[in-house]
Amino acid sequence: MRSSRRAAFWAFLLSANAVRAEPILSPTNIFAPVSTPAHEVHSLSLFVLTITGGIFFTLSALLIYALVRFRSRPGDTAEPPQIFGSTQIELAWTIIPVLLITMLFLGTARVIFAVEDAPKPKAALEVVAIGHQFWWEFRYPHYNVVTANELHVPVSSAQSYRPTFLKLTSADVMHSFWVPRLAGKTDLLPNRVNEMWFDPQVVGLYLGQCAQFCGPEHGKMLLRVYVDTPAAFDAWIRAQQTTHADAKGANAALSVPNPNPVAGFPVNTPPTLGGTNGDLANNSQAITAPAGQQVFEHQACINCHTVAGTVANGRYGPDLTHLMSRDTIAAGIAKNDHDHLLRWITDPNDLKPASLMPAMHLTDRQNEQITAYLLTLR
Amino acid sequence: MATPTIPIPDHVEGAFDETQPPKFRGTYLEKVHGWVVTVDHKKIGLMYISYALIFLLVAGAEALAIRVQLARPENTAISPLVYNRIFTMHGTTMVFLVGMPILFGFGNYLIPLMIGARDMAFPRLNAFSFWISAFAGILLYYSFIGGLGLSGTGTAPDVGWFAYAPLTEKPFSPGHTVDYWAVSLLANGIGSIGTAINIIATIFSMRCKGMTLFRMPLLPWVYLTMSGLVLVAIGPLTAAQVMLLVDRYLGGHFFDTQMGGSSILWAHFFWIFGHPEVYILVLPAFAFANEIIPVFSRKAIFGYPAMVAATVGIGFISLGVWAHHMFTIGMTSFGNAFFTLSTMLVSIPTGIKTFNWLATLWGGKIRFTTAMLFSVGFLFQWLIAGLTGIMLSVSAWDWQLHNSYFVVAHFHYVLVGGILFMIFAAIYYWFPKMTGRMLNERLGKWHFWLMLVGFHLTFDLMHVPGVLGMPRQIYTYQADRGWTVWNEFISLGGFIQGAAVLVLVYNMVHSYFRGAVAGPDPWDGWTLEWSTASPPPDYNFAVEPVVASRRPLWDLKHPEDPDSAVE
Ligand SMILES: [Cu+2]
Numbered sequence: 001m002r003s004s005r006r007a008a009f010w011a012f013l014l015s016a017n018a019v020r021a022e023p024i025l026s027p028t029n030i031f032a033p034v035s036t037p038a039h040e041v042h043s044l045s046l047f048v049l050t051i052t053g054g055i056f057f058t059l060s061a062l063l064i065y066a067l068v069r070f071r072s073r074p075g076d077t078a079e080p081p082q083i084f085g086s087t088q089i090e091l092a093w094t095i096i097p098v099l100l101i102t103m104l105f106l107g108t109a110r111v112i113f114a115v116e117d118a119p120k121p122k123a124a125l126e127v128v129a130i131g132h133q134f135w136w137e138f139r140y141p142h143y144n145v146v147t148a149n150e151l152h153v154p155v156s157s158a159q160s161y162r163p164t165f166l167k168l169t170s171a172d173v174m175h176s177f178w179v180p181r182l183a184g185k186t187d188l189l190p191n192r193v194n195e196m197w198f199d200p201q202v203v204g205l206y207l208g209q210c211a212q213f214c215g216p217e218h219g220k221m222l223l224r225v226y227v228d229t230p231a232a233f234d235a236w237i238r239a240q241q242t243t244h245a246d247a248k249g250a251n252a253a254l255s256v257p258n259p260n261p262v263a264g265f266p267v268n269t270p271p272t273l274g275g276t277n278g279d280l281a282n283n284s285q286a287i288t289a290p291a292g293q294q295v296f297e298h299q300a301c302i303n304c305h306t307v308a309g310t311v312a313n314g315r316y317g318p319d320l321t322h323l324m325s326r327d328t329i330a331a332g333i334a335k336n337d338h339d340h341l342l343r344w345i346t347d348p349n350d351l352k353p354a355s356l357m358p359a360m361h362l363t364d365r366q367n368e369q370i371t372a373y374l375l376t377l378r
Numbered sequence: 379m380a381t382p383t384i385p386i387p388d389h390v391e392g393a394f395d396e397t398q399p400p401k402f403r404g405t406y407l408e409k410v411h412g413w414v415v416t417v418d419h420k421k422i423g424l425m426y427i428s429y430a431l432i433f434l435l436v437a438g439a440e441a442l443a444i445r446v447q448l449a450r451p452e453n454t455a456i457s458p459l460v461y462n463r464i465f466t467m468h469g470t471t472m473v474f475l476v477g478m479p480i481l482f483g484f485g486n487y488l489i490p491l492m493i494g495a496r497d498m499a500f501p502r503l504n505a506f507s508f509w510i511s512a513f514a515g516i517l518l519y520y521s522f523i524g525g526l527g528l529s530g531t532g533t534a535p536d537v538g539w540f541a542y543a544p545l546t547e548k549p550f551s552p553g554h555t556v557d558y559w560a561v562s563l564l565a566n567g568i569g570s571i572g573t574a575i576n577i578i579a580t581i582f583s584m585r586c587k588g589m590t591l592f593r594m595p596l597l598p599w600v601y602l603t604m605s606g607l608v609l610v611a612i613g614p615l616t617a618a619q620v621m622l623l624v625d626r627y628l629g630g631h632f633f634d635t636q637m638g639g640s641s642i643l644w645a646h647f648f649w650i651f652g653h654p655e656v657y658i659l660v661l662p663a664f665a666f667a668n669e670i671i672p673v674f675s676r677k678a679i680f681g682y683p684a685m686v687a688a689t690v691g692i693g694f695i696s697l698g699v700w701a702h703h704m705f706t707i708g709m710t711s712f713g714n715a716f717f718t719l720s721t722m723l724v725s726i727p728t729g730i731k732t733f734n735w736l737a738t739l740w741g742g743k744i745r746f747t748t749a750m751l752f753s754v755g756f757l758f759q760w761l762i763a764g765l766t767g768i769m770l771s772v773s774a775w776d777w778q779l780h781n782s783y784f785v786v787a788h789f790h791y792v793l794v795g796g797i798l799f800m801i802f803a804a805i806y807y808w809f810p811k812m813t814g815r816m817l818n819e820r821l822g823k824w825h826f827w828l829m830l831v832g833f834h835l836t837f838d839l840m841h842v843p844g845v846l847g848m849p850r851q852i853y854t855y856q857a858d859r860g861w862t863v864w865n866e867f868i869s870l871g872g873f874i875q876g877a878a879v880l881v882l883v884y885n886m887v888h889s890y891f892r893g894a895v896a897g898p899d900p901w902d903g904w905t906l907e908w909s910t911a912s913p914p915p916d917y918n919f920a921v922e923p924v925v926a927s928r929r930p931l932w933d934l935k936h937p938e939d940p941d942s943a944v945e
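For the protein sequence lines, the chains are A and B, in the order given. Here this note's numbering is used: the first sequence runs in plain steps of one and ends on residue 378. Here this note's numbering is used: the second sequence runs in plain steps of one and ends on residue 945.
One or more hints might be untrue.
Across the chosen pairs, the derived CB separations fall in these ranges [claimed, not checked]:
(1) B:Y884 x A:F113: 55 to 61 Å
(2) B:R450 x A:T229: 35 to 41 Å
(3) A:S60 x B:F592: 29 to 35 Å
(4) A:L46 x B:A857: 26 to 32 Å
(5) A:H361 x B:A857: 42 to 48 Å
(6) A:S60 x B:L503: 42 to 48 Å
(7) B:A920 x A:I95: 45 to 51 Å
(8) B:E452 x A:N303: 28 to 34 Å
It is worth saying that the hints were derived from the structure and are not from the lab. For every residue, glycine included, the Cβ atom is placed at its ideal position computed from N, Cα and C.
Use the sequences and the hints to build the structure in full.
Rendered as structure tokens:
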């Protein structure tokens, strides 16, 4: 009876310490690591806490003792004996800190080199992360995949070890990539490439956000990392590799001059943009995806956004090719559903007051149409 | 051994110099004019202090606005644009318009008195330095009105107090707010350098007879180190501001990454200034502790030579640690290890100081006046701030902690729990000297306890959201992060501290007019400032003092056991 209770107690303690899917207190608790760099830092921090905690308790006990023991008593006006110093004591309290610091430094140096200079295994997944004012761009160069704000990486189990190595840079100002349960942060600097890595051991969603002040909406530059099983990750990659078609399926038209140029449009404007498509023109009032695509491709949206396979090839904003494969929009601040998309397109400032996407001042119908189109971008 | 001939405190019959200049009763305008044209170190010191206290209230109000916004998740009390201006102005103000001037103010006031001089070495430079700093502060705040600029962006700088490039470059910060920020700090820097030169010259050339460097009280020693740091540190800041202005107006590309500039360059320049700046601010706090703790423990400072060595040592080491603000910027592993070690080294001299203060208390007869209470608070809080500092110096751990609320908690522990607490102690300790009136001790105790409770509520708890992943400088946060409850209490503590400061303000105003008369030596002190009237006459000392030990007044009061016999 007693022993089983004790076993249960230890099991509880261990399970509390073991890697948990949902950490206590916060999904971004640095004391709930699930990946080697974060683990290394975590155990180092416990070592440092032990030493600093020891110093704290010793010194504050001495201080409290001195304050109580040597308080002046009423009526006692004589001066205490004057002591000016003591070489031995002073030497002692110079040498003890030196020893403590040596320990701390060696412990730290080991982790610095282990994490920063870790060799990159062949199997590693490579991702390029680009910081933009208030959102994240992720590129998978080996898969020709581009996505935004929600990073997908495979889990790194003992059976299939596949760490993720990130190359970090910025399109504008400084940002910092911080997902506390995976690794410490690394800054994204324009005109420079930094690197970091992690090897998450537990499948799940890990949150984080930009940790270097980058302008008005720094507070809403959130980050989501999805750690998938290898199979799920492969499936995700395959889905991301598909592309879409123009409103008239005329990809090729992009490179060929338009045979029937429309007044007011440059000659190489693809036919879909000229409004020459009779079928759609008749239906232009309907709230349907094709009508929405028509509007979308007529607006400045395409200067800032890419929808692979269509005329939309802007790079200023997030890639929308597989918009609906994401759970959130605008760097993790709102759910990706019809209502939020509509709100976002109508006026981004409503959800994110200083975001760099302008309100496009379209009609309510046009906004509904575009939303209908966006909902098809799976 | 020279015989001490300093003016003798009041209880030694008849020896005290009572001659007062005739009371001048001019018109109001004449009085104001008198303050404007003054070159007297005491008046300039008081102007510095009052100027800083006014900005303390302003920046404190800004802090409370921040706390209102962060008390709830997804709060919309303050828009992101305004929020960013507020925290930028809060930080810039507290460091440049509160911290530096108040510490310079005390230095200006006390150094000549403590070394038995009649004024600073360069009185007119002194006045110039004050006025240019005052101009800088007004310029910074004028940006609220004038920062709009042609491009019609916001008012007041909104790039954070360390203003990382390239956010400060024209494409990302149009308008003039960044210009106000840069020019204001540039002007302020000129004032700081002027005062630093003045302090160094004064200490080296104006000490009274018998006061060798090693008989100097610790306060001037610390200010000497601090001024040396000012001379070294302000240069890079000024250079960086000039480079930034060149980028913005003359087409330079120092930090303009779109044209091949470097953002790391700014970070280096700023922190080569910024880290010594921390010690520029904290050293004077040590200086106050060095004076106040011995007097209220009734014992000489323990290990004077070690204290001097530790001070100068901190000064030197602090010049080599700046990149510990940049552990996540992508330095090599060797660079990270180097700055980890250099930063940890600071804790050795700092530890020596802490131990020596403890040893000063040991065996004493501690009197818990308000000034001493604040000093004791300082000792505890400084201990904690130092230990969290060690945690941050562990660069690998700093990859997690950097730019989180843990860092915010750490440096507020230094700036509020350490420096501000010692500034309060200094106000209680020297207010009688400066005004001739005692501050009310009952109100003082209220001030202390409110401040202590508010401080710990705010800044102890603030470590937690940092560990839970909350970055600094965000204007709002999501409810699902588990940060809400902590932030509520942090905000509550902020308002308690606000109330404490109001008690101090009331106490100062009230006591200035109604306080008990202090007399020249209310605390039974040992250094020269207590040998002259309160407030001291224009010429400080009727007779130039001659000293024979570190504690000239102790020698006078205890002829049977003079320090001069053991030194
Ligand atoms: Cu950012």
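Hint check:
1. B:Y884 x A:F113: 55 to 61 Å: Given a distance of about 56 Å, which is inside 55 to 61 Å, the answer is holds.
2. B:R450 x A:T229: 35 to 41 Å: holds (38 Å)
3. A:S60 x B:F592: 29 to 35 Å: Given range 29 to 35 Å: holds, Cβ gap about 32 Å.
4. A:L46 x B:A857: 26 to 32 Å: holds (30 Å)
5. A:H361 x B:A857: 42 to 48 Å: Hint violated: Cβ distance 32 Å, outside 42 to 48 Å.
6. A:S60 x B:L503: 42 to 48 Å: Once the Cβ atoms are compared, 44 Å apart, the range 42 to 48 Å for L503 of chain B and S60 of chain A holds.
7. B:A920 x A:I95: 45 to 51 Å: holds (49 Å)
8. B:E452 x A:N303: 28 to 34 Å: holds (31 Å)
Checked against the numbered hints given earlier, this structure breaks only hint 5.
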